[in-house]
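Colleague: Sequence:
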Amino acid sequence: MAELERNARKREIFGWAMYDIANQAYTTIVISFVYSAFFVAYIVPADSVWRDAYWSIAIIGSTLLAMVLSPIVGFWIDQGVSKKRLLAWSTIICASFTCTLYWVGPGDIWWGIAIILITNTAWMLGEAIMSAFLPQLATRKNMGLVSGLGWGLGYIGGFVSMVMVSLMIIRADPVTDTGNYIAQHQWAMIAISIYFVIVAIPTFVLVRERSPTVQALAVKQTGTWREWLRSLNMFEQQRLQPLLFKFFWAFLFYMAGVQVVVKFIGIYSTGELGLSQQDLVAVFLATQFSALFGAIAFGVVERFIGARKVLFTVIALWIVAITGMYAIHDVAAYGNWSVRDVFLIIALLAGTGIGSIQASSRSLVALLAGEGRDGSAFGLWGMFNRLAMLLAATFGIVADLFSRQNALLLVISFFVIGALLLVRVHGLSQASRAPRSGPTTADRIGKN
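Residue numbers (numbering that gives the first Met the number 0): 0 to 447.
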């Protein structure tokens, strides 16, 4: 990616951001909130000994698949395979197979698991492919702002899809009208698939594929099968891009903290705090807007103070939020507030951090990637993102052993370790404003 003198055209950046709005519907409705709960409650038979475990098989399986495939897809991108074509395939696979969830009824456990395995893997690969466009769309100075804009607008997609599904499609009473309730969940999968495809169209129309630079072509010319195997050797990749990998190790831990909140907030808030489903929906809708604000606001701030300081600030924000959650009963008693109100305030604070920490991390990958290695860098980003999800799963084990409240100390430790490892990554602020002149510029900055 040669340094651009200015951002890409606004319409192209808009088209790129539209993909965040499109794909957020899938992960919000299918993976995080609606279909996951429906699968456990209605697809898995009521007399089954295992319930959550079936859903875990689908999530862990797709995570492992994406973790393996992400570096491979990244290598293909660096070898000149069209990013738009790869993104189109991941979108088509995710959307079309999500449609087939319409035919998954009560008892079709393994059919449902197989579909989620395919769709979630395709979605995660699409996320990495789409992010690989970022270095071509922004100057180094505006990288955080453009990344934050896309990530922030993605939360609008989550909000719109939740309103569409919860208020317009799934309206039957699950107790008195179970048949219609199940059918409406099945129709919702078709609606989400159509939404995904339609909203993603501007991405394929407005975003253009750019020719590789001279440096990128030099990398491409080494694209033998040995080079392909070399791209999968993590020790070799760490040797080639040491500063990027130093960042990835910090990213692994603080992102594990974020993933705990994303994956376990529903279980924690209902099981530990006694919040109702209506409370959860209200919290979700509110945090979508705080996440939108945080992603864009910190993207603007990054232009002035640099990416490294932004990350430290956001990690500190997360530590405050999780500490507040750990002491939530004491805070509520001290202020004579309800636990629900305190939780809402903490959730809004965490929401501000969730969009910004992911947007800033994505922009840093673009800043630190070697010349001609943008695809590989974002493939590795996808792999470490999935590793963070697996690390976050340890929260459930710790919660069972020591209680959910005490397990929050593990989450705090993830953020603290991430911050300490980030201290070792020198030169991020300079990298966010320095010209990029070769494949190892970021690493040279990091050694200064």
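Any given hint might turn out to be false.
Result set (BS3-like, lysine-lysine): computed pairs, CA atoms no more than 27 Å apart in a straight line [claimed, not checked]:
1. Lys245 / Lys262
2. Lys308 / Lys245
3. Lys308 / Lys83
4. Lys9 / Lys140
5. Lys83 / Lys140
6. Lys140 / Lys262
7. Lys245 / Lys140
If you anchor each label on the Cβ, the simulated ranges turn out as follows [said to hold, decoys possible]:
8. Asp46 / Tyr101: 39 to 45 Å
9. Gly106 / Ser81: 39 to 45 Å
10. Arg209 / Thr269: 18 to 24 Å
11. Val422 / Val299: 21 to 27 Å
12. Ser95 / Arg8: 19 to 25 Å
13. Val196 / Ile56: 43 to 49 Å
Since the hints were derived computationally from the structure, they do not count as laboratory data.
By construction, the Cβ of each residue, glycine as well, lies at the ideal position given by its N, Cα and C atoms.
Colleague: Mind listing which of the numbered hints don't hold for this structure, in increasing order?
Modeller: 3, 6, 8, 10, 12, 13
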